[in-house]
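Chemist: Chains as they are written, first to last, in my numbering: chain D, 1 to 611; chain L, 1 to 611.
Since the hints were made in silico from the structure, they are not lab data. Each hint should be verified, as a subset may be incorrect.
It does not matter which identical chain is used: a pair holds within one copy or between any two.
With a cut-off of at most 20 Å between alpha-carbon atoms, the simulated SDA-like pairs for lysine to any residue come out as follows [to be verified]:
1) 438 / 547
2) 534 / 429
3) 142 / 5
4) 211 / 55
5) 214 / 181
6) 24 / 200
7) 8 / 198
8) 211 / 15
9) 135 / 392
10) 24 / 528
11) 24 / 599
12) 24 / 197
13) 81 / 66
14) 142 / 385
15) 142 / 383
16) 438 / 596
17) 214 / 9
18) 35 / 319
19) 214 / 5
20) 211 / 385
21) 534 / 319
22) 211 / 16
23) 24 / 198
24) 214 / 179
25) 311 / 270
26) 24 / 199
27) 142 / 318
28) 564 / 361
29) 214 / 520
Here's the letter readout for the chains.
2 protein chains.
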Amino acid sequence: MLNHFCKKPLWECHRTLIEVAQGKRPAECVLRDAKLVSVTTHEVLEHADIALAEGRVAYIGICGHTADHCIGPDTLVYDLKGAYVAPGFMDGHIHVESAMVGPSQYARAVVPHGTTAIMWDPHEAMNVGGVAALKELIKDSKRVPLKCMVTPGSCVPAVPGFEDTGAAIGVDDIREMMGWDEVVGLGEMMNDPGVLGCADLPLGEIEETLKAGKTVTGHFTMGDTDCALEAYIASGVSCCHESVTREEALQKLRFGQYAQFREGSAWHNLEELSHAITERTIDTRFVNLVSDDNHPETLVSEGHVDRLLRKAVACGIDPISALQMVTINVAQCFGIASDMGSVTPGKCADLVVFTSLGSFDVQATFIDGELVAEDGRALFDPEPYAWPEELGHSMHVGLSITPETFRIPARTQDGTVLPDGEALVRVITSAGGSTLTKEEHLTVPVEGGCLLAMPEKDILKAFVFERHHATGNHAAGFAKGFGIHGALAQTVAHDAHNLLVVGDNDADMALAAQTLIACGGGEVAVADGQILGKVELPLLGIMSPRPVEEVAEEVATVEDAWSKMGCTMPSPFMTMGLLSLACIPELRLTDRGYVDCCTYRFVPLIVENEV
Amino acid sequence: MLNHFCKKPLWECHRTLIEVAQGKRPAECVLRDAKLVSVTTHEVLEHADIALAEGRVAYIGICGHTADHCIGPDTLVYDLKGAYVAPGFMDGHIHVESAMVGPSQYARAVVPHGTTAIMWDPHEAMNVGGVAALKELIKDSKRVPLKCMVTPGSCVPAVPGFEDTGAAIGVDDIREMMGWDEVVGLGEMMNDPGVLGCADLPLGEIEETLKAGKTVTGHFTMGDTDCALEAYIASGVSCCHESVTREEALQKLRFGQYAQFREGSAWHNLEELSHAITERTIDTRFVNLVSDDNHPETLVSEGHVDRLLRKAVACGIDPISALQMVTINVAQCFGIASDMGSVTPGKCADLVVFTSLGSFDVQATFIDGELVAEDGRALFDPEPYAWPEELGHSMHVGLSITPETFRIPARTQDGTVLPDGEALVRVITSAGGSTLTKEEHLTVPVEGGCLLAMPEKDILKAFVFERHHATGNHAAGFAKGFGIHGALAQTVAHDAHNLLVVGDNDADMALAAQTLIACGGGEVAVADGQILGKVELPLLGIMSPRPVEEVAEEVATVEDAWSKMGCTMPSPFMTMGLLSLACIPELRLTDRGYVDCCTYRFVPLIVENEV
């Protein structure tokens, strides 16, 4: 039973509910004639009335009973005329920062789509600003009705020793945060090799979370569906959103782990994963639907959890089962089902009204008994949050970037500079819609002691610059899969959020980098000396203080630019942003160099001694 | 996550599990070639291996994988040759005292039937001996592997002001006990009228339980499936075992309450309730199977939770769904699914081995990774518990009982003594297999200023004597439905456990009462001056310190006696014991008189002014 994320703890208001249910006291609000989706029994209950008081459900009138006895002169009565009512949608794993806005603006975007609670892993903000930044973000989140439940980042840095971040989180930090009311679990445990190796940091963080009776969320990317996965689960990680094959997802369910089927803006796993349950008749109570990362324009144009539901139904998942996967199943996963996840007496009155079980076209959203969004618009609009000065100035590159900065010396491990000709180099190959990358060994030209890009073969230069402590650290590599002419830069680059630049020529790359340094971070697309699109994200270099709609428009201009520059990927900036994410196979580039993310060691740019 | 009811908290042993799963360290025990019942996915996984360490599951080998890599020279290996393995069975609502033994002897009886955990409401012992008695019982329970999870009695007395008990429990007691590791919830909240009336005691107890994050168990007997039930649920009561119709059970599920389908020795509700789920296709995750009260001979001859499973399957419930109802569903109901309820990595190694999904013929039981029962026999046999002196001397009647004690004055409310002839009286009518009674108004003879029994119409005298504080309080009434000649007495009588005597003649009734006073309590059947059967229960007057098999044999002699005396009820002593249970409709007799259990007021024996 929670004593937060609700208007009042149940024990402080159950007297009122008891009286309202019996008609001894009027309800504050009654919803009439709903098709109530019962997620506890997997049914639709026709002609249901729902009486609310103290932010909770006091009574539901079903099977011919009405809530007439709960209506007094001051009771707000809504006639739903047969619309569906379901429990408020919950996203069991989301990084708000991917939407490039702070939590209050995020809430304005998602609540109209029926989202009433999120399990938010703020590890992006924490990589830049640590616990101090998280405290500010939580303060902002408390100004809106969306229930922003926090699972603090467990892997900050994502892969210690392989990258430089703005902050680092230790076991003591986790112990402290597990005592916070806003914290419902531990953020995704991406250090799966550390867990399997019984490293002190990840196991210590898991220990503090379990001791606090909270949920350890996972991120297991090894592809293994046997020993390694089971060892990972046995450590105490009880849910995971990183399945990419149906077999992985199915095994997680069999191993008692909540399998969070993901469908983000860029990572499209739901269709494949849906086969895990549609190909057989199994219990789906351990399945959640989550979005992980949503670009702002996805939220604005496609929606949030409602979008997941539509996709699930399109994949052949029964619509009520799909609704369970974003309500009661999530609540059970996080141990909060006694307070939310179903529209039943005593639970928080977090409700979504929609007119079709297939399209989930949300008409209205109630949180804690209040109508908070209607007809696609949030009914709340807080003042801009007064972010502390330091959160708005996070670009500290410590290096004067010019076109020359982007020359890549053709130097082998022993210091030899290669003669003009060709060199075999490691290239990170990305594919749209996937978080995984491939390591390819390809030939690039060597000219004047430098390795060159090969735009004609889509082999671009990639650079990562440390931007938190002005160390000047930076490293170079090659990237394939983006197919552009020009340069792209961003500071969203996961998870260290250093300055990442990709391009086919040094001049555009320098302009892109300089542009972001000047504006405090964000995303930019440059070609032939022109800025084709830009999103300014001055808040920690990853978020904008402006409304999500405006940010989405800017992002659209950047994506248009990508398209004009030749890229055909969906959400390409998001896929580009993973070039530096050193916790997912196979090859990544951090400010310290290339990381082999299967063996966790640095590997050189030039491939030597390969037969 | 529990830090008790397991060998070690997960965070103290996950390093070992991680290593065992990966084959870096040998398992303590491996079960080979099982048909593993996956209650998380509702499947049977063929040819499964299960590796155990530190009392938990480290690894399961499925889909062609074996646990060979977990086997070292000292690993105990059991070849199950295709037998089924399911998670240990849990009984989500049970009164150990009904088995007439203490918890360690109870464990010896039920663990061989696959029971690994019970949610034990010890309100019977607490009505006699209060918190002090409970502490002793818990000490006894800790000497056996069975996980005796306590839900302390919430209604002691069951109906305050209507009966005299040995002890009374208040909100302060509940607050204290909610801090105990052994306590997982609040015992059945039988004061449903008090809850609906917002009385301080029941709501205060619920508040303390919710604040502790524990589960409030229910007992709602009003038959209502609308306002009253919803008000009761909105108070915070999250499970209830008192459904008698399929409609009640179904509505509880729809209202988000765990419906605990009961099948006790005397209360046979499962067949009727099973229709709630077999007549439609609904999610059954909120269904539990519970036994509530089991006579010792039921445990010895028919089993415990395995018996519920067989009955469920006989009622048309799918066998894997039935297994979920005694494993994962119970664990989720009590918020302990992160530690038990499934055979998955990291969970306690509480396992049951059986050879058929229909007969659930338990071959072996493991608790915390140890083989604790095999071939129907417990592998543990603790020394008799050294019960404190005061728990063995609880008969304090404060009255010298003779045949004259059983004369019932034919006196009306205003003191008028009726002349010889007839009188209309209230009679409690019981039916075998039901906890409910009916109030009937029947005519009995008046002779010499006294009301007489009418054995020829099965109208027997009933007396309840206060036995805790030697007050001499007693009251008289009439009982129908037992059909015996002679007298029956017992101190098990719920829930005050006063001395209850029923009979058709005063001499046998006196002998029965005197016999129990002399032996410290128990059950006795007397006819024509002869003791036909007796069970001595000197421990609080409700339990025996001897093994359950011996008690079961004695109970069998008493039941034989009942049968010879003319009674055809199943478990008749148990049904008789509810004559005094003033928290269930319609009419009951306590030491203070007749209680109308629908309106909660005392009603007179003689019906006056009835047209």
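Chemist: Of all the hints given earlier, name the ones this structure violates by number, lowest first.
Modeler: Violated hints: 1, 2, 10, 20, 21, 27, 28, 29; rest satisfied.
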